[in-house]
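There are 2 protein chains.
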Amino acid sequence: MTAPAWALAFLREARVGRLATADAAGRPLVVPVCFAFDEDVLYSAVDDKPKRTRELRRLRNVVENPMGSLVVDEWSEDWSRLRWVMVDGSADVLRTGADFGRAIDLLREKYPQYRTMDLRTDGAVLRLRAERIRAWRASD
Amino acid sequence: MTAPAWALAFLREARVGRLATADAAGRPLVVPVCFAFDEDVLYSAVDDKPKRTRELRRLRNVVENPMGSLVVDEWSEDWSRLRWVMVDGSADVLRTGADFGRAIDLLREKYPQYRTMDLRTDGAVLRLRAERIRAWRASD
Numbered sequence: 019m020t021a022p023a024w025a026l027a028f029l030r031e032a033r034v035g036r037l038a039t040a041d042a043a044g045r046p047l048v049v050p051v052c053f054a055f056d057e058d059v060l061y062s063a064v065d066d067k068p069k070r071t072r073e074l075r076r077l078r079n080v081v082e083n084p085m086g087s088l089v090v091d092e093w094s095e096d097w098s099r100l101r102w103v104m105v106d107g108s109a110d111v112l113r114t115g116a117d118f119g120r121a122i123d124l125l126r127e128k129y130p131q132y133r134t135m136d137l138r139t140d141g142a143v144l145r146l147r148a149e150r151i152r153a154w155r156a157s158d
Numbered sequence: 019m020t021a022p023a024w025a026l027a028f029l030r031e032a033r034v035g036r037l038a039t040a041d042a043a044g045r046p047l048v049v050p051v052c053f054a055f056d057e058d059v060l061y062s063a064v065d066d067k068p069k070r071t072r073e074l075r076r077l078r079n080v081v082e083n084p085m086g087s088l089v090v091d092e093w094s095e096d097w098s099r100l101r102w103v104m105v106d107g108s109a110d111v112l113r114t115g116a117d118f119g120r121a122i123d124l125l126r127e128k129y130p131q132y133r134t135m136d137l138r139t140d141g142a143v144l145r146l147r148a149e150r151i152r153a154w155r156a157s158d
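Chains as they are written, first to last, in this note's numbering: chain A, 19 to 158; chain B, 19 to 158.
Next comes chain A alone, as it looks inside the complex:
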């Protein structure tokens, strides 16, 4: 995946991203997510933060329509400091297995908040495999 070094660092370090999925009819949904970026893959967990019924919509979307888009961006009232990185790719849901376990480990490493939460029992990880990364900053 070709992307500027600053963009890859931003994907690794950003604390929150916004993930878009869409259902079979193409109706989009965007949700804030905690995520871990590992090589060309982004993992986010379904946890107990928001209401359970709400959470499931993104998972249902990905089963119906395996495409996803995630953005991380930095807001500033000084628009010469704006920047964003967008990742488009294919998405799926993991519930067991080595990649599921690795995702949970990476998320707990990045977010201490996850360390006391049970993410494995009835847990789900949304995996987004990057096919395209686009980056922009106003100061370039």
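I should point out that these hints are in silico values taken from the structure, not numbers from a laboratory. Be careful, since some hints might not be right.
[What the hints assert, rightly or not] Now the stretches of chain A that chain B is said to cover, found in silico as 3 or more residues with beta-carbon under 8 Å: (1) 37-48; (2) 96-105.
[What the hints assert, rightly or not] Pair by pair, the computed Cβ-Cβ distance ranges are: (3) A:V81 with B:S98: 27 to 33 Å; (4) A:W97 with B:R152: 26 to 32 Å; (5) B:R120 with A:W97: 18 to 24 Å; (6) B:S98 with A:D123: 20 to 26 Å; (7) B:Q131 with A:D158: 14 to 20 Å; (8) A:W93 with B:S98: 19 to 25 Å; (9) B:S157 with A:E31: 22 to 28 Å; (10) A:D56 with B:S94: 21 to 27 Å.
We put the CB at the ideal spot given by N, CA and C, even for glycine.
Starting from the known structure of chain A, arrange chain B on it as the hints suggest.
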């Protein structure tokens, strides 16, 4: 539109939202946007901040597939302070007319940064008419 007062205030005051659209094939795209919320309608302008070619994709999406989703959220390392508001609705593109002018006026009122930019010549406004507003906060 029924939504808690705090959620409507958040939509009015949030400085940045993230907007998801999808193309005719259902491929989602999410972008950060400045926006103005007026009654049940959200307006965002296409301006010169990001690259032009990138900007056009969201407009093309909306022409192909008139559905959109926008989220505003507040991030905190203290997850008891998290909150978000999601707006789903129908989207279209305005390039002239009274609603286009009103959108530009509202955006300039909210964002001083827009006051010195020409948003009218070859300008475009993406309008999202809210059909559903969902709000969540951890502290409820």
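Consistency of the hints with the structure:
no. : hint                           : result
1   : 37-48                          : holds (count 12)
2   : 96-105                         : holds (count 4)
3   : A:V81 with B:S98: 27 to 33 Å   : 31 Å, holds
4   : A:W97 with B:R152: 26 to 32 Å  : 30 Å, holds
5   : B:R120 with A:W97: 18 to 24 Å  : 23 Å, holds
6   : B:S98 with A:D123: 20 to 26 Å  : 25 Å, holds
7   : B:Q131 with A:D158: 14 to 20 Å : 18 Å, holds
8   : A:W93 with B:S98: 19 to 25 Å   : 23 Å, holds
9   : B:S157 with A:E31: 22 to 28 Å  : 27 Å, holds
10  : A:D56 with B:S94: 21 to 27 Å   : 24 Å, holds
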